[in-house]
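Enquirer: Chain by chain, the residues run as shown.
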Amino acid sequence: MIRKVTIAAQAALLASTGLVSAETLNWARAGDSLTLDPHAQNEGPTHALAHQIYEPLLIRDMTGQMVPALATEWGPNADDPNVWTFKLREGVTYHDGAAFDSEDVLFSLERAQSEDSDMKELLNSIKEVRAPDASTIEIETDGPNPILANNLTNLFIMDKGWAEANDVVKVQDFEGGEETFASRNANGTGPYKLTSRAPDSLTELEAFDGYWGKGEFPLEITKIKYTPIKNAATRVAALLSGEVDFIQDVPVQDLGRVDADENLKVIKAPQNRVIFFGLNLGDDDLTTDDVEGANPFADKRVRQAMNMAINREAIMKVVMRDQSIPAGVAMPPFVNGWTEALDTIPSNDIEAAKALVAEAGYGDGFTVTLHCPNDRYINDEAICQAAVGMMAQIGITVNLDAKPKAQHFPQINNLETDFYMLGWGVPTYDSEYIFNFLVHTKTENRGSWNGTRYSNPDIDAKIVSLASETDLAKRDATIAEIWAAVQDEILYLPIHHQVLNWGMSNKVETVVDPEDVPKFKYFTLN
Amino acid sequence: MISYIVKRALQSVLVLLAVGFVAFGMFRFIGDPIDNMLGQERTDADIERLREILGLNDPFLVQYWNFLKGALQGDMGVSFRQGRPALDIILDRLPATLELAMVSATFAMVVGIFLGIYTAINRKGPITNFILTTSLIGVSLPTFLIGILLIYLFAVELKWLPSFGRGDVVPVGDWWTTGLLTASGLKSLILPAITLGLYQMTLIMRLVRSEMSEVLRQDYIRFARARGLKERAINFRHAVKNTLIPVITVAGLQIGSIIAFSIITETVFQWPGVGLLFIDSVQFVDIPVMASYLMMISVMFVGINFIVDMAYLAIDPRLRGGKGGN
Amino acid sequence: MDSVKRAFDSDLAWSFRHSPVAILSATVALLLILAAVCAPLIAPYNPFDPASLNLMNGFSRPMEPNAFTGDSFLLGTDDQGRDVLSTILYGMRISLFVGFAAVVFAMIIGVVAGLVAAYAGGRVDAIIMRIADVQLTFPSILVAMLIFGIAKGFTPVHLRDQMAIWVLIISIGLSDWVQFARVVRGAALVEKSKEYVEAAILIGRGPIAIIFRHILPNVLSPVLVIATISLALAIIAEATLSFLGVGAPPTRPSLGTLIRIGQGYLFSGEWWILLFPSLTLLLLALSVNLLGDWLRDALNPKLGD
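Top to bottom, those sequences are chains A, B and C.
Note that the UniProt record's numbering has the first sequence beginning at 1, numbered continuously upward.
Note that the UniProt record's numbering has the second sequence beginning at 1, numbered continuously upward.
Note that the UniProt record's numbering has the third sequence beginning at 1, numbered continuously upward.
Bear in mind the hints are in silico, worked out from the structure with no lab data behind them.
A hint or two may mislead.
Unchecked claim - Straight line, CA to CA, 27 Å or less: simulated DSS-like cross-link-like pairs of lysine-lysine:
hint : chain 1 : residue 1 : chain 2 : residue 2
1    : A       : K317      : A       : K225
2    : B       : K241      : A       : K223
3    : A       : K223      : A       : K268
4    : A       : K354      : A       : K300
5    : A       : K214      : A       : K507
6    : A       : K225      : A       : K214
7    : A       : K403      : A       : K223
8    : A       : K462      : A       : K225
9    : B       : K159      : B       : K69
10   : B       : K241      : A       : K507
11   : A       : K268      : A       : K507
12   : A       : K354      : A       : K317
13   : A       : K474      : A       : K265
14   : A       : K268      : A       : K87
15   : A       : K170      : A       : K127
16   : B       : K241      : C       : K194
17   : A       : K462      : A       : K127
18   : A       : K265      : B       : K69
19   : A       : K225      : B       : K241
20   : A       : K225      : B       : K7
21   : A       : K223      : B       : K187
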């Protein structure tokens with residue numbers, strides 16, 4: 001029965017591809033992939049292009065579920081939780097015709113752990129990778145790692161033979177400015193193969209005839225033309241004029257126009273990204289304020305007041321045009337550890353907030369600078385501008401300093417800002433990732449994005465314990481404890497969860513990927 | 001004459017050194033590339049390691065010296081963003097910009113001089129007034145707004161012309177690509193070229209008109225008229241020739257401006273040239289690309305200046321005595 | 001200078017009375033300037049006071065009550081709930097100030113440099129014109145970024161809002177002076193070789209006197225052409241720099257910043273956020289350009305005789 005259905009589907013597929021011999025999709029987004037070397041950069045648009053050409057052992061499908069790719073089964077061994085076994089798919093070939101086997105996985109994982117790889121942080125728990133036979137891989141970790149599989153969804157597999165023949169065994173030294181054969185060419189097992197590429201200008205892909213997933217996935221798009229278009233108005237204009245079929249970042253104000261166009265539609269889904277403000281609550285004095293010898297943010301009542309002064313409803317309705325979900329916690333709803341209670345938004349009570357500020361001794365107000373990016377998050381500058389008005393209502397005069405992300409982010413890292421905007425995505429879907437970067441004391445290996453100067457040894461110890469806790473119930477309890485502390489301290493002032501908007505021609509059918517990575521093999525055409 | 005040229009060449013080298021210094025200095029203030037390069041998952045240890053590799057921890061003068069040393073050997077460093085030699089990237093993108101600039105400049109010169117002469121000869125009249133008023137409206141709006149309005153009108157509403165990019169390009173020789181040989185390439189050129197050239201066109205037109213009106217009233221033209229030369233001959237032989245001196249100065253300067261202002265036009269039209277590359281690299285703090293772009297622009301400007309000076313010398317022999325030679 | 005003075009006394013006034021374009025553009029320009037100067041008196045709201053803004057008023061259509069608050073605004077509101085009319089009036093103050101200051105700055109540097117280069121010649125000429133080359137190499141956009149970056153290092157954080165304005169003035173002025181210098185130099189070189197200047201040198205006039213009494217009045221015509229275009233250009237350059245993100249801050253927007261904000265709403269139907277500031281800018285730049293055109297014709301002594 002199943003066989004019959006598959007055959008029928010294949011027949012239908014052949015028929016449809018026969019009718020429309022080349023279904024080209026013109027795809028545009030704001031930025032281009034940085035390199036084709038799949039291990040050289042851990043970055044959204046780079047992985048998005050790589051996902052069409054290369055494949056990992058397992059991927060997240062368009063709904064965020066982990067599904068098989070080059071591995072068909074996986075899991076920790078029952079007798080030894082330190083060892084995971086992966087059963088590999090058989091009969092897979094690369095675009096150049098070479099066969100795929102466990103040697104390639106062994107090679108790729110080793111390559112991804114090497115010095116110049118940008119993926120090695122995700123693999124730092126791996127002790128050894130073994131290939132007992134051509135279709136099995138064993139990964140041994142230096143302690144139980146319950147979320148090992150989560151870290152492999154962007155870890156692409158390359159052909160060992162191709163890499164050796166083209167002298168690209170070593171990962172491209174991206175930061176050192178190296179250019180290699182692998183950074184300009186690609187040979188994966190994925191559904192599409194590269195036919196031409198001009199960086200920042202045009203990349204062309206074509207359906208791969210020998211793809212293993214034929215019949216299993218729609219694969220209705222046979223050609224992809226990918227153009228980065230930086231200017232938002234131009235990008236929307238290109239969609240409206242029919243020059244492109246699919247854009248990933250529609251400005252919220254243009255959703256109505258795109259949706260109203262009879263040939264176009266917009267689809268939406270909550271994104272795995274939360275936007276919030278950070279406050280310097282640890283220093284004795286602030287550098288950007290006008291209060292001498294004291295830090296107003298160190299007083300919890302001031303932070304509480306500011307949290308209450310933010311009118312999240314108004315930001316959602318006016319600035320975001322309903323394209324956001326007001327947030328009460330600095331954690332996207334997809335993440336393990338999220339609860340509805342944590343995400344309850346504080347009441348917007350100006351009078352109570354004013355009273356709290358007065359109680360803290362700042363009844364006459366004070367001045368402080370808010371640092372904000374203007375090219376990173378959806379309407380980032382407008383949100384900050386709105387916050388300036390809201391803070392003014394409780395007597396806090398805010399000077400807004402909005403600038404490109406390249407100038408904004410270093411200020412957070414160098415602890416040069418007292419009040420800043422930040423957004424956070426969680427590719428592992430687990431709270432530990434948030435704690436490691438945003439809550440742990442800033443040290444050499446943890447807390448690198450913690451600009452709050454918050455440091456609590458108890459919390460730090462709990463965060464570190466998460467990495468090796470195999471009892472998932474116990475681990476979840478620790479996560480809940482840490483979140484309780486973070487919320488009680490008002491470490492961050494959450495604003496909202498972003499919503500992804502994909503604009504496309506009516507002929508394209510898809511759902512929105514919560515990580516903003518379209519996987520075109522799932523797309524269908526009307 | 002030869003000593004004059006040698007002297008100018010030496011001056012040009014000094015100019016380039018100065019530009020290099022200022023360019024390199026200014027990029028220290030633009031931001032820090034490290035964050036963009038490492039992404040969300042980097043630790044403080046990664047940052048330190050990368051700063052060391054890139055030499056960003058060296059003193060400023062050491063960095064400048066290394067940059068100069070490389071530049072002299074044709075090595076302008078490697079793009080932080082694309083991981084390719086900065087000079088290669090610039091050369092890849094240069095044809096798009098030069099082609100756009102050429103078409104815009106031609107448009108500005110031809111239309112500007114023609115309209116300038118027309119409005120100078122016909123000083124009053126409805127057509128002259130219309131030309132003057134329309135061109136004034138055109139330069140009374142910022143370039144980016146004109147570009148966006150043109151896109152809105154001709155691409156989105158009328159769907160006549162493409163809204164972005166170069167269309168299909170064909171390779172010519174080893175590295176040059178041209179959009180002048182394909183229909184979609186030509187169509188793609190129209191809106192950006194008008195956007196970019198509009199201001200220069202108006203400027204040239206106004207200048208030609210103003211200079212020519214003055215020349216037409218000067219004594220030798222009156223003598224020419226008195227001698228019975230035909231109107232047409234007067235207009236073109238004498239007046240146009242004497243109008244050319246300031247026009248050449250300004251037009252020469254404007255070629256540079258066109259290339260500089262292509263930054264905005266290229267951003268609006270997603271034109272894959274060096275201007276767009278520059279804006280991208282500013283946002284990414286891609287210092288080697290920014291520095292190479294600036295050096296390239298400098299070389300071009302110095303070259304254009306040189307040519308303008310020479311043309312000046314050729315057209316107005318009176319200037320020869322007062323210039324350079326003594 | 002005498003000829004200029006005479007022109008102001010009689011010819012200019014006569015020409016003005018007989019040029020409807022001049023009267024109209026002068027009236028429009030004066031009205032706009034007056035409105036900008038008196039903005040705090042005539043604007044219905046103070047858009048620069050963040051505490052007075054209600055975000056829920058955002059995107060109100062002109063003369064229609066807001067769906068959430070019921071408030072109504074003559075020209076509508078922008079994305080932050082600011083009254084567009086008031087914001088234009090306040091923004092025009094900033095744009096005009098930047099424009100005037102930048103042109104004066106550029107003109108002073110450019111005319112002096114051009115005259116000195118032409119008169120002194122030789123080494124001085126070479127040095128000045130080489131500096132001009134370097135300057136030309138840096139388009140205003142780059143100059144603005146450079147100055148912006150440096151100024152940021154030295155300005156206390158709470159003064160940065162105001163700093164942006166001075167950065168704009170200096171960077172626009174610096175990128176414009178070369179135009180003045182080159183054209184003045186070119187014209188002055190021609191003047192210098194004429195008999196009357198040679199005669200002045202022969203009778204022992206000092207260089208300063210010769211420059212200001214004989215050469216300067218005769219190069220005023222090209223200077224005025226450029227100054228005219230430059231004022232309008234400076235106002236537009238300010239808008240362009242805002243588009244690239246190095247203009248006036250969004251919390252204290254100029255006309256250019258307003259247009260940058262408004263262009264994001266061109267496709268979405270909120271046309272008033274873009275249209276009204278653009279129209280104001282167009283009126284301002286156009287009236288200045290027309291006024292300058294007429295001035296050039298009226299002041300040009302050669303066209304007068």
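Enquirer: Between A:K462 and A:K225, does the CA-CA distance stay at or below 27 Å?
Expert: violated, 48 Å
Enquirer: Holds or violated: A:K354 with A:K300, Cα cutoff 27 Å?
Expert: The hint holds at about 14 Å.
Enquirer: If you draw a straight line from the CA of B:K159 to the CA of B:K69, is it 27 Å or shorter?
Expert: violated, 51 Å
Enquirer: Given the hint that B:K241 pairs with C:K194, does the C-alpha gap stay at or below 27 Å?
Expert: With a Cα-Cα distance of about 19 Å, the restraint between B:K241 and C:K194 holds, given a limit of 27 Å.
Enquirer: Is the straight-line distance between the alpha-carbon of A:K223 and that of A:K268 27 Å or less?
Expert: holds, 25 Å
Enquirer: Straight-line Cα separation of A:K225 and B:K7 no greater than 27 Å?
Expert: violated, 52 Å
Enquirer: A:K214 and A:K507: Cα distance at most 27 Å?
Expert: The hint holds at about 21 Å.
Enquirer: Would you check the hint for A:K474 and A:K265, treating anything up to 27 Å between C-alpha atoms as holding?
Expert: violated, 45 Å
Enquirer: Given the proposed pairing of A:K265 with B:K69, does the C-alpha separation stay at or below 27 Å?
Expert: violated, 54 Å
Enquirer: If you draw a straight line from the CA of A:K403 to the CA of A:K223, is it 27 Å or shorter?
Expert: At roughly 38 Å apart (the allowed maximum being 27 Å), A:K223 and A:K403 break the hint.
Enquirer: Holds or violated: A:K225 and B:K241, Cα atoms, limit 27 Å.
Expert: violated, 51 Å
Enquirer: Need the status of pair A:K462, A:K127: alpha-carbon distance at most 27 Å?
Expert: OK: A:K462 and A:K127 at ~24 Å, within 27 Å.
Consistency note: the structure conflicts with the earlier hints numbered 1, 2, 7, 8, 9, 10, 13, 14, 18, 19 and 20.
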